[in-house]
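Colleague: Each chain, written out:
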Amino acid sequence: MADVLSFFNQYYLSILILLPLLFALIIPFLPDQPASDSQDGPESKQAKGIHTFAVLASVLIHLFAMLSWTGSWFGVITPKEELYHWLPSFGISYALGTDGLSQIMVILTTFLLTMSVVASTVYIKTRLKLYYSMLFILTSSLLGVFLARDAFLFLLFYELELIPMYLLIAIWGGPRRDYASMKFVLYTLFGSVFLIAGILAIFFYLDGAKGVETSEIFLFKTLDTHLVGTIPLLAQLWIFSALFIGFSVKLPVVPFHTWLPDAHVEAPTPVSMLLAGILLKMGAYGLVRFCFGFFPEAAVSLAPAVAVLAVINIVYTAGVALVQTDLKKLIAYSSVSHMGFVILGLAALNTTGFNGAVFVMFSHGIVSAALFMCVGSLYHRTHTRMIADYGGFGSVSPTIFYFFMFMSMASLGLPLLISFAGESLVFYGSFTSNAFHTLIQLGKLGSWQWTMQAAAGFSALGIVIGAAYLLWMLQRVFFGPLSERWQGKMTDANRSEVLVLATLALFVIAYGFAPKFLTHQYEDVVDKMATQYQFPDGKYTLSSTKEGRE
Amino acid sequence: MQYYFLNNIWMVPVYPLIAAVIILICRSLDLYRSKEISMGLVVGSTFLGFLHAVAACFWLFAQDPAHTVFVEKNLEWLHAGPFTFSIGYLLDSMSVMMLVVVTFISMLIQIYTHGYMEKDPGYSKFYVYLALFNFSMLGLVLSTNLFQMYIFWELVGVCSYLLIGFWFTRPAAAKACVKAFLMNRVGDFGLLLGILGFLYCSMGWWQSYLSHNPGTSLLSFHAFALAAPHVLVVAGPGLFTLIAFLILMGPMAKSAQVPLHTWLPDAMEGPTPISALIHAATMVAAGIYLVGRVYPIFQVSPSATAIVAVVGALTAFIGATIALTQTDIKKALAYSTMSQLGFMMTAMGVGAFAAGLFHLFTHAFFKAMLFLCSGSVIHACEDEQDMRNMGGLWSKLPITAWTYLIGTIAISGLIWFSGFWSKDMILEGAKEYATPIFALLVLTAFMTAFYMFRTFFLTFTGSYRGSAHVHHESKVMVYPLVVLAVPSIVIGAMLSGVAPFEHWPVFAAYIQPPDVTPVVMGMLHGSTIAGHGAVHETVHHGAWISEIGLLSLGIGLAGVALAFLLYGPKPIMNLEQFKQKPVIASLNRLFSRKWYFDELYAGFVEKVYLVFAKASARFDSGSIDGLVNWTGRSVSSSGAALKELQTGRVQTYIAVIFYAILVLSLLFIYSLL
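Here the protein sequences line up with chains V and E, keeping their order. Residues 1 to 550 (my numbering) make up the first sequence, in order. Residues 551 to 1223 (my numbering) make up the second sequence, in order.
The following block holds chain V by itself, in its conformation from the complex (with noise of 0.2 Å):
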């Protein structure tokens, strides 16, 4: 037994990120569907068994992913980090390993794979095989993205995961699937390109530099402690900005997410939940463990940028997301809207602000999930998406309506539930940053003091407009009376999607009542990443910081 246990420890890790893989391989030996199966009608007894399969396996690696959850009875299994010298000669490694950070975003993974591949049993009919065949390669290569210690080892994943995606996209997807496919992956290739140069510009950087081994290049502990120090200033605020351009496509950051609203309308449900699930925040996990992990002195002096940017991104979003006609083109740029707090959250470059931005990943990861699987089951009983269509559904499907609204109340940031926490303490957090202060001091830029302040505060306006979009949606489509066009062709949600809805409510009430359980998973990572920040005159209070000045 012990044995068992400490071999499950030793290959912990690659397992997690084999096992998906592993069940893509199965998938394709199972007795084929029919082809007879279309996208309406009765399902053949094969096309059961794929998606019982599937189901099975989703489970299954989300309770194998949990064997690691510390804190709870769960966590029974400790992993240890795993190195292999790859390429030494390029400094490539396969380096895995895990900490409180990484753990949340693959137990985000796993669940919410599992969420999608119940909803993928309702929404999906046809090239079952294929379809769940890349969403489990799809879940290989997040997990990777999330579990790497080698950031070339990281950028594989990170570019692995387009192949599936795009596939998803383009075969199950909507009217428009081709170009949306395509610019889906187009855009992801440009911010790729970004990231190349800045992993390829740390690698010539740290090369032969004074205590640095060639192989251990790309070790992400090699570089938390040798960048800093080895690379000069200015070529790490152009790393920074190369790296912070690829992420901010993937996340998305204005002007880098037009791809995002159409690659969300064509994604089949399913593949939209996972899209804005967990594929954001890829984008969202770079940012923190890369440009604000390893770049401390780049993030000072380039935090009152990405502060503007955040504003715009809560901002002008919400704004354009509360005049779309299309409803899950709104859902999508809430996305957006809510993906503007993580970078608000990490330009406050404190320990409130991380915990924020880590906790608003999490949370909008659970809500706009269930929010896609709402637009997802309004979509498959009216094949419309537009929210001029629609009207009075809140009579006829009361469910959808209930758990739609309720969806809706956790991303407008209702206390108690799951968003609150994580909106709060960005605002806290990014509102009594000092991470001007020591700009002022520098002599440059005397006047950005308040900067920070300011997008604090604009960014609240998000808070406003985003109830505007929502509850305005809320009331085209659910309120009102029932038109004549839908009278006795509406139906409510059946058993599977009132089980996804249900388990996701779960969480967002749980974690709404109790965010420290969540922050508590990930708070030393965080923690010891905002230490890397500390200010001269390290307290909070405005008297402290005008007397440093005199």
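Bear in mind the hints are in silico, worked out from the structure with no lab data behind them. Quick reminder that beta carbons are idealized off the backbone N, C-alpha and C, glycines included. You may find that some hints are simply not true.
Unchecked claim - Taking lysine-lysine and the DSSO-like style, the derived pairs with C-alpha atoms no more than 27 Å apart in a straight line are: (1) K516/V with K80/V; (2) K210/V with K221/V; (3) K675/E with K585/E; (4) K623/E with K516/V; (5) K489/V with K675/E; (6) K946/E with K489/V; (7) K946/E with K669/E; (8) K528/V with K221/V; (9) K1144/E with K1131/E.
What the hints assert, rightly or not - Which bits of chain E does chain V cover? Going by a derived footprint, with three or more residues having C-beta under 8 Å, they are: (10) 1040–1048; (11) 1160–1172.
Following the hints, complete the assembly by docking chain E onto the known chain V.
Modeller: Showing chain E alone in chain V's frame:
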């Protein structure tokens, strides 16, 4: 027994939450169908809360009013960096007062609801919402700190949204609930920024305070008397006033103060029990309660106080003027609520702290009763709300008419009913503060008596003008009216220390504003705000006859007389002709169009913000995405153009090579020269 109720006072909000969860689960699994179980669970949970509140009352009154103690217990809710957010319960005179009001009135209204909603298909859902509201409201009342209050503050807002939109298939209700939520969000936006600004200026102070006082919490209400002067010093008077104003925005939206008031009248689209409970007695008073909780912020800054007083007085006045013209009985009552909330807010501004909360207390009883009366009338008249189609209902609905009359007398501040005492105290405070505000309030008091009796005469006297068949009053709806009539008559006098109640606890003695004077004096050496040191309110022992009392009685009687002459059984003049006169007509238009606030906001949203948002959306899909698509297209079109060069004909290639070599060799020769 008493100790059990006292020590477990945190259970008060938890009972209704449990009731809500039980109903929710059982109803969605269809475990029971009987309506009475839903009602029983919710009423029972509130009744338990009421027992706690009574126990707390005994605990409070056993203390010496000059030295009341408070109990504060906190649990860490979230921790990050220097911030530790706590949730807990605070037991002091203010929270005890609110607990009594909320649990008592909630309970009666929940009983009343059984009669009102009996035939509604959403009966159990309604009780779930009521229970959730109780949870949020009681959580708000027991909050120990501003952060916790913000949590429950938003939750009562969402309950209000759900309940206004209860009949969401009606477009008006759908609009009203969204409007209410958004208007409150605007207020919350200010409140959030105010809290952030306040914290920004005092983070270091809080850290040292918390380390010296374990067991308290960040933004704890009982530390505000110390924190506010500190923030004033750090921020300076200008910035401090801004912070105070931002914090005030929250109460302004929640308590329907000008200019964030427009949601309250529209909220009357909700079922009437909701109008009585949430939009008259409890939730809308939460704004006043919050101002009372963070009172030191306003105490230390004269300009902040002035803002509160002016906002309150304007609200009182504007609300009353609009109420003059309303024909919908619930709308008229809604504007009167707004006006009365204005009175309370003014009281907070003029330094009459106890008076404001006393008015909150008495108003809750008689306004809840008035709304329940209107509900009884509407129910009897088959959902008719227009007073022009009522009249002469006295004979059909005697108990409703009597209780409505009692409520009308109370709100008008007549013959020593409960409203008289609290309004009296407010007028006294305003008189000491500034004459214009006092004058405005007196004028408003006159209008209050007038429009309230106008509604009374229009509804209950004269002859019936409607077409609907009038039903009789339902018993379950009448009992709460009778129960509420008692405090509406006597509670004011009982808690004012007048004979024969001189041995009863005096409200103003227990509800005292926090004492900031010593801190302010110590910090500022009496320099800047010494003139404002008079924050000690003398405990008001009411008298049956006083100068102000006589004045308000006279004013009130004048209002009643005018209403009687114009709307009574024998009107002395034709009002329609009177309304045609030029000045009157324009005033009438201004009042009946509600001072054009709605038009202003709708104009801003439609003509400014939506236009801007649409422009952003066009920019987004046109410019940003246009650039992206242009890049893609230009790559493929340039590829298409370049592919023409690849002809596959050898002659072309040789010609290109020949000319290229020619050009290059010419260049080479040229460089040699």
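Colleague: Are the hints correct? Go through all of them and say.
Modeller: Okay, the hints, checked on the actual structure:
no. : hint                 : in the structure
1   : K516/V with K80/V    : 26 Å, holds
2   : K210/V with K221/V   : 15 Å, holds
3   : K675/E with K585/E   : 11 Å, holds
4   : K623/E with K516/V   : 19 Å, holds
5   : K489/V with K675/E   : 25 Å, holds
6   : K946/E with K489/V   : 46 Å, violated
7   : K946/E with K669/E   : 22 Å, holds
8   : K528/V with K221/V   : 14 Å, holds
9   : K1144/E with K1131/E : 19 Å, holds
10  : 1040–1048            : violated (count 0)
11  : 1160–1172            : holds (count 8)
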